[in-house]
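Chemist: Could you build the full structure based on these sequences and the hints that come with them?
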Amino acid sequence: MNAHGAVPGLMIAAPRSGSGKTLLTLGLMRALRNKGLAVGAAKCGPDYIDPAFHAAATGRISVNLDSWAMAPELLRGLANMAAENGNGAADLVLCEGSMGLFDGVRGAPGRTGSSADVAAALGWPILLCVDVSGQAQSAAAIVKGCAVYDSRIRVAGAILNRVASERHRRLAADAIEALGVPVLGALPRDKKIELPERHLGLVQAQEIAGLETLLEEIAGFVAGNCALNEIVALARADGAGALTKIAALPPPAQRIAVARDAAFSFLYPHILEGWRALGAEIIFFSPLANEPPPPDSDLCWLPGGYPELHAGQLAAAEQFMAGLRGFAQTKPIHGECGGYMVLGEALIDAKGESHAMAGLLAPGFSFAKRSLHLGYREARLAASHPLGRAGARLRGHEFHYATMQTQAGEDPPFAHVIDAHGGSERGEGSRRAHVSGSFFHLIAAA
Numbered sequence: 004m005n006a007h008g009a010v011p012g013l014m015i016a017a018p019r020s021g022s023g024k025t026l027l028t029l030g031l032m033r034a035l036r037n038k039g040l041a042v043g044a045a046k047c048g049p050d051y052i053d054p055a056f057h058a059a060a061t062g063r064i065s066v067n068l069d070s071w072a073m074a075p076e077l078l079r080g081l082a083n084m085a086a087e088n089g090n091g092a093a094d095l096v097l098c099e100g101s102m103g104l105f106d107g108v109r110g111a112p113g114r115t116g117s118s119a120d121v122a123a124a125l126g127w128p129i130l131l132c133v134d135v136s137g138q139a140q141s142a143a144a145i146v147k148g149c150a151v152y153d154s155r156i157r158v159a160g161a162i163l164n165r166v167a168s169e170r171h172r173r174l175a176a177d178a179i180e181a182l183g184v185p186v187l188g189a190l191p192r193d194k195k196i197e198l199p200e201r202h203l204g205l206v207q208a209q210e211i212a213g214l215e216t217l218l219e220e221i222a223g224f225v226a227g228n229c230a231l232n233e234i235v236a237l238a239r240a241d242g243a244g245a246l247t248k249i250a251a252l253p254p255p256a257q258r259i260a261v262a263r264d265a266a267f268s269f270l271y272p273h274i275l276e277g278w279r280a281l282g283a284e285i286i287f288f289s290p291l292a293n294e295p296p297p298p299d300s301d302l303c304w305l306p307g308g309y310p311e312l313h314a315g316q317l318a319a320a321e322q323f324m325a326g327l328r329g330f331a332q333t334k335p336i337h338g339e340c341g342g343y344m345v346l347g348e349a350l351i352d353a354k355g356e357s358h359a360m361a362g363l364l365a366p367g368f369s370f371a372k373r374s375l376h377l378g379y380r381e382a383r384l385a386a387s388h389p390l391g392r393a394g395a396r397l398r399g400h401e402f403h404y405a406t407m408q409t410q411a412g413e414d415p416p417f418a419h420v421i422d423a424h425g426g427s428e429r430g431e432g433s434r435r436a437h438v439s440g441s442f443f444h445l446i447a448a449a
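Position 437 of the sequence shown, counting from 1, maps to 440 under our numbering, and the rest follow consecutively.
Just to be clear, a hint being listed does not mean it is correct.
[What the hints assert, rightly or not] Computed Cβ-Cβ distance ranges for the label pairs, DEER-style: (1) 292 with 407: 24 to 34 Å; (2) 297 with 144: 55 to 65 Å; (3) 233 with 191: 15 to 25 Å.
These are calculated hints, taken from the structure and not from any lab test. Built from N, CA and C at the ideal position, the CB exists for glycine as well.
Modeler: What follows is the structure, given as structure tokens:
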């Protein structure tokens with residue numbers, strides 16, 4: 004941190020999705036760590052998966068920074084968390100942008116969910132990753148457009164990606180540097196260095212065999228083609244000011260049992276760390292290991308993840324299922340997305356095979372015929388809940404391909420939600436006695 008307590012940081016953004024931000028970000032994180040720097044990590048927007056890769060690359064927790072779901076003071080507090088997070092102060096924070104630099108939703112000024120909003124709120128300059136495939140000098144027009152489109156931000160440097168030759172690099176770099184934007188690296192086309200993908204984006208970090216070797220390869224690739232010292236020198240926090248720790252929302256209980264394994268992994272780090280900061284105790288257990296929620300916990304939380312890939316194993320986990328049903332007799336359980344599906348009657352996998360689930364809520368869910376549901380949601384709690392009183396508003400995100408096999412009308416809704424783009428409010432999720440679930444992934448209190 005600088006003398007004013009602000010976090011020196013750098014936003015790694017791009018004009019569009021698919022430009023190579025993730026590869027560049029991971030390479031820089033690991034390469035700088037290999038140079039002896041303590042690198043804090045952050046991700047713009049609601050993506051669950053990239054932060055786990057950041058954590059593997061840096062050895063530190065990566066936090067989500069979302070300008071639509073989070074108030075500016077929460078953004079600053081979480082930036083501070085990224086800079087400290089129990090491992091000592093970082094030398095800088097690298098934040099991976101989402102989509103294109105200015106892409107977001109309708110919202111109040113500074114609250115559109117764009118990477119530009121976060122950079123502006125924290126005073127972080129932009130390192131622009133530009134895919135120059137199929138163009139040369141024209142790339143300068145794209146960089147210029149990004150540089151002048153929003154006066155709140157500063158494009159401090161550029162990295163060229165998918166460069167075909169030295170001549171190609173020179174033509175694009177000379178045109179961009181004529182604008183006054185330094186080109187601090189040029190990554191050649193290399194299909195040998197890439198990350199596997201799945202329908203919800205990248206495969207989870209813990210699923211990749213040899214991840215450490217891959218991260219070292221990416222770091223060497225980036226370090227060999229980028230000016231690391233000059234990139235570090237770009238990091239600033241000109242407008243952030245002193246940053247204080249702040250939680251996204253109060254903990255829903257004192258002792259919280261959280262499912263965590265390959266089937267349940269999508270719970271934002273800032274939520275857990277915020278609960279801990281306010282005195283809650285987090286106890287992890289593994290449904291895939293047939294572990295029930297610890298009975299001395301006050302609340303059970305089933306995060307999202309990929310339960311459809313492990314539906315047979317979950318259905319056969321008798322101790323987990325019996326423990327879950329017993330817990331629900333007297334104590335609250337909440338499931339988010341994948342956790343919601345496990346609380347329902349049945350889960351049909353992509354092959355069309357049905358697996359009995361906990362039966363604590365009415366709906367069944369199917370992946371046999373996928374249907375994408377995606378976007379920001381603002382939720383109004385339908386009834387008093389450990390997350391807040393009836394009517395309390397929460398902001399979050401929905402991203403899944405499951406379809407509901409039965410209507411949740413047998414259960415009242417968990418919340419009433421509205422899309423960030425507007426439209427009418429609708430019921431979402433289910434609640435029954437002490438149990439609730441929803442496709443809504445909680446990010447912060449509204």
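Chemist: Output the indices of the hints that this structure fails to meet, ascending.
Modeler: Every hint satisfied by this model.
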